[in-house]
Each structure stands twice: as structure tokens, then as C-alpha cells.
Amino acid sequence: MSIIKFFFRLLLLCVSLNAIAHPAPNSILIVDVRESVIDAELHLPIPELQLAVPFKISNDVTNLYSELEKYVQSHVAFTDASGQYWKLQVLTLNVETTGNKAVGITNEIVAQLRLVPPPGAEVRHFIIRYDAIMDKVVNHRALVYVRQDWEKGRVDKNHEEVGVISINTATMKIEPLTIDLKEGSKWTGFQAMIRLGMKHISEGTDHLLFLLALLLTAPLFYNNRRWEVQPVISRSIVKILKISFSFTIGHSLTLAFASLGWIRIASQPVEIIIAASIIVTAFHALKPIFPNGETLVAAAFGLVHGLAFSTVLYEMHLASGQLLLSLLGFNIGIEIMQIIVIFLIMPWLLFLSLYSIYKTIKNIIAVIAIAMALAWMAERITGTEILFANFVKAIASNAILFVVVLFILSLYCYLTKKQIN
Amino acid sequence: MKIITLNNRNKKKLVFPLILAGSFSLMSFLVYKDYGNLLVSENTFVTPANLQPKKSAAAYTVSSVVTAAQAFKALLTTTQIATLQHTYTATLGRKWSNLPCGSGCRNGIQFSTLTAAQLTAAKAVVQEALGSADNQGYNVFNQILLADDYLNANGGGSGYGAGLYFISFLNEPSATGAWMLQVGGHHMAFNISFNNGNVVGTTPVMLGVEPKTFTTGGVTYNPLANKHDAMTAMLASLTTAQLSAAHLTQTFSDCLMSPGESNNNTNTMPAVKQGVICSGFSTAQKNLVIAAIQTWTADMDSETAAAIQAVYEGDIDNTYVAYTGSGTSGSSSTFLTANTNYVRIDGPSAWIEFVCQSGVVFQSQIHYHSVWRDHVRDYGADLTATTLGTTQMVSNNVQSIKLYPNPSTETLTIETATALAGASIELYDAVGRFITSVKNASGTTVNIPVANLAAGNYIVWIEQGKQVSTAKFIKN
Numbered sequence: 509m510s511i512i513k514f515f516f517r518l519l520l521l522c523v524s525l526n527a528i529a530h531p532a533p534n535s536i537l538i539v540d541v542r543e544s545v546i547d548a549e550l551h552l553p554i555p556e557l558q559l560a561v562p563f564k565i566s567n568d569v570t571n572l573y574s575e576l577e578k579y580v581q582s583h584v585a586f587t588d589a590s591g592q593y594w595k596l597q598v599l600t601l602n603v604e605t606t607g608n609k610a611v612g613i614t615n616e617i618v619a620q621l622r623l624v625p626p627p628g629a630e631v632r633h634f635i636i637r638y639d640a641i642m643d644k645v646v647n648h649r650a651l652v653y654v655r656q657d658w659e660k661g662r663v664d665k666n667h668e669e670v671g672v673i674s675i676n677t678a679t680m681k682i683e684p685l686t687i688d689l690k691e692g693s694k695w696t697g698f699q700a701m702i703r704l705g706m707k708h709i710s711e712g713t714d715h716l717l718f719l720l721a722l723l724l725t726a727p728l729f730y731n732n733r734r735w736e737v738q739p740v741i742s743r744s745i746v747k748i749l750k751i752s753f754s755f756t757i758g759h760s761l762t763l764a765f766a767s768l769g770w771i772r773i774a775s776q777p778v779e780i781i782i783a784a785s786i787i788v789t790a791f792h793a794l795k796p797i798f799p800n801g802e803t804l805v806a807a808a809f810g811l812v813h814g815l816a817f818s819t820v821l822y823e824m825h826l827a828s829g830q831l832l833l834s835l836l837g838f839n840i841g842i843e844i845m846q847i848i849v850i851f852l853i854m855p856w857l858l859f860l861s862l863y864s865i866y867k868t869i870k871n872i873i874a875v876i877a878i879a880m881a882l883a884w885m886a887e888r889i890t891g892t893e894i895l896f897a898n899f900v901k902a903i904a905s906n907a908i909l910f911v912v913v914l915f916i917l918s919l920y921c922y923l924t925k926k927q928i929n
Numbered sequence: 188m189k190i191i192t193l194n195n196r197n198k199k200k201l202v203f204p205l206i207l208a209g210s211f212s213l214m215s216f217l218v219y220k221d222y223g224n225l226l227v228s229e230n231t232f233v234t235p236a237n238l239q240p241k242k243s244a245a246a247y248t249v250s251s252v253v254t255a256a257q258a259f260k261a262l263l264t265t266t267q268i269a270t271l272q273h274t275y276t277a278t279l280g281r282k283w284s285n286l287p288c289g290s291g292c293r294n295g296i297q298f299s300t301l302t303a304a305q306l307t308a309a310k311a312v313v314q315e316a317l318g319s320a321d322n323q324g325y326n327v328f329n330q331i332l333l334a335d336d337y338l339n340a341n342g343g344g345s346g347y348g349a350g351l352y353f354i355s356f357l358n359e360p361s362a363t364g365a366w367m368l369q370v371g372g373h374h375m376a377f378n379i380s381f382n383n384g385n386v387v388g389t390t391p392v393m394l395g396v397e398p399k400t401f402t403t404g405g406v407t408y409n410p411l412a413n414k415h416d417a418m419t420a421m422l423a424s425l426t427t428a429q430l431s432a433a434h435l436t437q438t439f440s441d442c443l444m445s446p447g448e449s450n451n452n453t454n455t456m457p458a459v460k461q462g463v464i465c466s467g468f469s470t471a472q473k474n475l476v477i478a479a480i481q482t483w484t485a486d487m488d489s490e491t492a493a494a495i496q497a498v499y500e501g502d503i504d505n506t507y508v509a510y511t512g513s514g515t516s517g518s519s520s521t522f523l524t525a526n527t528n529y530v531r532i533d534g535p536s537a538w539i540e541f542v543c544q545s546g547v548v549f550q551s552q553i554h555y556h557s558v559w560r561d562h563v564r565d566y567g568a569d570l571t572a573t574t575l576g577t578t579q580m581v582s583n584n585v586q587s588i589k590l591y592p593n594p595s596t597e598t599l600t601i602e603t604a605t606a607l608a609g610a611s612i613e614l615y616d617a618v619g620r621f622i623t624s625v626k627n628a629s630g631t632t633v634n635i636p637v638a639n640l641a642a643g644n645y646i647v648w649i650e651q652g653k654q655v656s657t658a659k660f661i662k663n
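Chains as they are written, first to last, in this note's numbering: chain A, 509 to 929; chain B, 188 to 663.
Don't take every hint at face value.
These stretches of chain A come out as covered by chain B in the derived footprint (C-beta under 8 Å, 3 or more residues) [unchecked claim]:
id: 1; segment: 555-565
id: 2; segment: 673-682
id: 3; segment: 768-782
Hints are computed from structural coordinates only; laboratory data are not their basis. No residue lacks a Cβ here, since even glycine has one placed at the ideal position from N, Cα and C.
Whole structure, please, built from the sequences with the hints as guidance.
What follows is the structure in C-alpha cells.
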């Protein structure tokens, strides 16, 4: 998440539709359209802001909080079409760093704003009266983006530029910017959440790998502290169904509870446990450590995976109506993608389970899974990028080739090998 | 020799190593595909070291630029030509930038995609179109390329470099038709408009440099020093009272009119003049303003430079000078020294800005940005102008003509010494475009409503039989 934010802010600073000369960086106003209010994130580059205010700005904002709050209140306003002012609240003020050596590292004041329309006014139509910094620094500009708009299906932080605020050089005045967002619908939002759910898990290789590691044991049975392959397909299918169903129950429960705010757990330990869950289940596929307990394990670890899913919904800060619909849609999206993945992979694994080669394949997959999970574990504990993790990322983004490999192996077995009974 | 037979047992033994080998090759392939570029060394493009300009003996003509342009195109593939050349639209004309944003904000073909021969030919086009004096035109172009290579090698990284500059043609280069040459990249933009065998637009031009002075290959360069010093000399020559009138309270962290698409693509030049008007200056002071302007116009080929310089000189009494920052009259070293120090020359046509900015790569130094625009001639007014100045409009001036008020706002009154009879009066703007006419004019006084005209210089052309008389006026 932070990498996306970093690159986006780099982009906003310097390369925009209306590119400006660098390094004078832009201000940015990012708008999240909620059901009845607007949340906005205002980025004011400190070098430019310093030129426009009479007080000295340091990186310690706590002393300057009231001055900066006053500044924002007096230079940023939303009105409705008839000129009635919205209520503007500064929720937080922080200093953040953005940029890189090539385009320059800048510190910015980042303010989270809550804007409430006057009674009767529409949330989706407003006029921005803005002259922060540019009332003094006449070449300065502010780029305005819409980031979240649930009703229009904009849910995956895909920013859209809706305007640029700057001095009109012909008149040397700053004109207000009118924003007219087209009407959306609950159905559009719901659909977008289904798509988001599908996208989230298709990119969540760690979740899929956990599921796969569990499903590797589907055609196996426990005998004398070792795995034996049992070639009855129908029994394997039943086991697959049990495992995926309990995983679904597990993650749906915590997804719901955490999105509704009933549980709140920090994301780093959750991510680490997820990596651990892959190691545990992959090891179990090598040497049985909880035989006949796969269903329970799927449910138990599913609870943890659900917590990871919930961060997406939680960060969207949806009002209750949109939240419930989003919960349903997001979960449906996850299940759809889960089913697709199982249908892509399991047939080949089941077919291969008819051959003695299955054990070898299962072991190789389990070892690779453990290696990948260890890389993720290291990254998530230390919080830095590990070189091996780049290998892992490359494999993960081309996972479809894995299906191709399974297909080729199945073909090879079909043509050359003898089935075990 | 034992022949290894491929029976079932051996086959079984092969499977595992085969799968291992296969997976390993697959992994390596995937990694290389995604991360292979990490293995390639960074931008290795190097500008030629020779910066000595070729002193062209032949007089400048548009056709020499066109010849060079066609010679360049002849070396390109069809795909390259499609990248290089597009049909002119107002949007494409305005697509230029100061940022290191590559092809996202510029037209044309990138230098680093050209072979050595193609690049030489591309630079020959630039050399033909630009001035040849030291620290002007083609020489400044090369110095700024070197500065970008210097930034690349000294902390700026692969986002900078001479290879990241572009050349673009809008419309087919032609010795008679309308087309535009665009050259630019980080800290540089030239947009030269041609039409009717003339240069009809020399602007917008953006020139910047970081660091402002640097040494490479044993030579020290200071590409914008002459522009900077001409501006500080001009400011230092003003009296304390004049400096007071010229001082702006606004802050400029960059030039106002750069680059291509500012102001939601309207790109409108300011209508109100700020600062102190030069009409009250002494001759010496006016000459310093003119000399400062000349360090920009001299970036064009000598003929064009002379023509546009003549226009700007003729406008001197209606030109304004403005600046920010502190500075003492008589002391040029106190001007344009710190971040946001800014100076502007704004006339009926000329618009030149120069600003000092904190460095991006060298953050403890300041660096320079400058912009040259023209209220009338930017983009050759979208390639419709047919001449740069009014020199092409020749008359035999038999009549004595009086125009008042001048400058005019609502109505222009034309008074002739001898009465007109069935004369035709035509109005042209400063670049030779026809505006309006009065047919069959008679008498000694003719009134022309001018309220709807854009502000600027105009020519009145009175034709009676074989007699042609012209006079100029300014619309406010």
C-alpha cells in the first residue's frame, strides 16, 4: 500500500496532465466522496508554503497546529451552487516526505479534512474556492483529484484528475473550480466491490498459496506417520470441498467483523502469521503434522487471512449502507476468484494423483511454497525488501505459468506412465 | 561402453531432475523478464564534446532549415518519421515542458533512440535554426545538454541526460508552407514557427540550467550567465525610485508563463502590465533593457533575431520592467542571487522572465529558469502569421497620415492631409494578418471602431489608386 502511495505522490508532484516546471512542486487536493460528506487530503509542499506564510514552518507540526489549521480554514472552502459554505474541519495535520533524488525530495504538510455540505446541498456538486499558497506565490498550482467514489465504482484508489487550480494569468485572479460528479448507483458500487474482491485475492499470492498448500493433501491419506496417495477421485474432491468451504467460513467471519470495526488488529502481525500459515501447511504437505485436521486448520488460519482482507474495506471508511453492500460484494468477489483458482489447478493435481509421481510433485510444490513464505516472512518482520523476494515477486506475477506446467506434467504422465490403482 | 537404456526405472529417475531443471529455467526467465533491465548499465548516451559552432557563411534562409530537416528525415525509418512528425494542432503546439517527463509531455523523437548519424543530422537542423554566437542559440543548446549529462553523473541519476531530449516537426517542413520545429527536454524548449518562407514565431522558449556553472572535460561552462548578467546590469542601472516602482510584492517560485500547458491549457498571457514603464528611462537605461532582451533574441538565427529585436526595440517606450528580491541601485551583484529572485521584461510583444530557484540535485545552490514568450507571436499565432514583424509591409507613403488617439481604446481616427476619394483602408495586425477594411473611404477624416480588437500593435494601410500609405498605432 505504501509503495503505491509513494509512486503516486511522486507522479503527482511532477508529471501531471498540466505539467509544471520543476522543482516548484504542486499542491494536491485528493477528494474521497462518501455517502453524505467529503473527506479530502490536502498536500501543501513546505518550501512553497513557507513563501506564503509569515511564520516559520518546521518539521515539528505540533507547535504550529493552530496556525496551520487557521491557514487551511482561510484558504480552502467548498460552497454549493448558491454560494452557501460547507463546514470544513481539519482532522489531522502531519509532515510527510515525498519525491526522490531525481525530482527532488520535498516535505509536505498533509492535512486530512472533513467537509460537510449544508442541509439540502448535494455531496456530488460543489465549488472549490481555493487560494492556498497561490495568493502569494503566483506561479503555484493545485491539482485536484477524485480518489474514492463508491457510487461510481471508483474503489481501488485509482485517482482521476478533475481540475487544476491556478492563477488565471490573463486576469491575475484565481477562479473557483466547479466539480460536478456524475450520479452513480448502489449497483455500480456493489459491482465494483465484487471486482475489487476478485482483484484483491488474485493479487494475494500468499492467500492462494496457503489454500494450495492445504489442497495438496486432498488426495492423500495418513498411514503410519506418512502420507500415502489414495487414488479415489471422489474422496479427494470431497476433501477439497471441505477445505475450501471451511477456509471461506473462516475468512468471511473475520472479514465481516473487522470491516464493521468489531475487531481491530495491527496489520504487521497478521501478515507475519499468514506467512507462517503457509509454512505450516506446506510442511504438513511434506510430512503430516495434523493429519485429518486440514479442515480445522483451514478454518483457523482462514480467520487470520480474513483480517488481511478486511484492511481494504476498513481503509475505505464507508458509511454503514455502503459498507454492508461492499462487504457482501467484496466477499462474493473473493469467493468467485477462489473457485476459479481451484478449478484451474485442482483438476491437474487430481489427475496427477493417479500416478506415483504425485508425491514428488507435491514435495516440490511444498518446498517452493516454504521458500516463498520464508522470503515473505523475512520481509514482513524486517519491513525491508529482500533480494530473494524479487524472485518471488516475479514468479507470483506469472503464476498462470504454474497451471501450464501442471498441464504439461499431466500430459507427460498420461502418455508415458502407468496409473497406480 | 554402457548404453543407457531408457526403461521405466530410468525414466522415473529422470523426472525429478527434469522438473527441477525446468523450474529453475522458468524462474530465471521470469526474473530476467521482470528485472532484466537492472542488469543493463544506466543511460550511457554521451553528447559530442565539440561545442564549437559551425560559422555558416551563407545567409540564413528558411529553406536551409528545411533542407537540413529533409536530410534528417531521409535517414529515418517510416516508424521513426511517424514519431517525429505530426500534423499541427493547437494542442500539439502547446505540448512542451520543462520537466524530465520524457515523451509524456513532449512531441517528437527522443535523441537516445537515434543512431549516431541520425543524431548528427537532427542537430544540424537545430544548428541551422538557431543563432551561432557563443553562449547563444546552438551553443547554449549544447551546453544545456552537457549540463544534463553532468546532472546524470553527479547525483541526478538516469532521469537526466542528453539522450532524453526530443526533436519534433509539426507539419511537413516546407520552404513556403506552415510548420513548426520543436526541440526540447529538461530545461529547454524551442518552438519555432515557419510560414510563407519566413520565421513567423520564435517563441515560446524555455531555458534553464542546473548547476548554473559546471566543469566537464576540462572546460568550464556557464550557459545562462550572459542572460543573468544582462538582467542584473539592467536592474542595477535603475534609480532607487525606479526600483521601488518596479518591485513586485508577489512571490515567484518559478516563471509564470512556463511551460506549454499552464492554466488549464488556455495559456493566456497576462493582460495587465506590472512594474515600471521604460518611457521614463534615460537612453543609457533603455539601452540596457534592449541589451538584456537581445541576449534572448540572439538565440535565433541572425536574420530573425534582427527582425524581432527591431520590433522589441521599437516598443521600448511601452515596455515594463519588474522584479522581486532585494537589490541596491548601482550594484548588479545584489540582484538575482537567491531563491525566488525574479525579473521580468514585459512589452506590447516581448515577455521575458528570469528566476532563481533552489537546486533540485544540488540543493545548496540556486539554478536558473527563464522563459521568452510573445504576446502576439507565440506559436506563430498557431501558424497563421505570415511575417514576424511589419518589415514586409512596404509603402511609398505619399500621404501624410495622423492617427489618434494612439494608443487607442474605442475608436481610431485617421486624418489625412489631402482628402481621400474612393480609397480602401485596411487594418493589419503586427504579424501581417488582415483584420478589417473600410472600402470607398472619402474625406480627410475616417473613424474606425477598434474596441473589439485585441491589445497590440496594428498597421493602417491606405490605398488609393497606385498610392499606398501606412501608419502604425497601438490598441490598448
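Here is how each hint holds up against the structure:
| no. | hint | verdict |
| --- | --- | --- |
| 1 | 555-565 | holds (count 4) |
| 2 | 673-682 | holds (count 7) |
| 3 | 768-782 | violated (count 0) |
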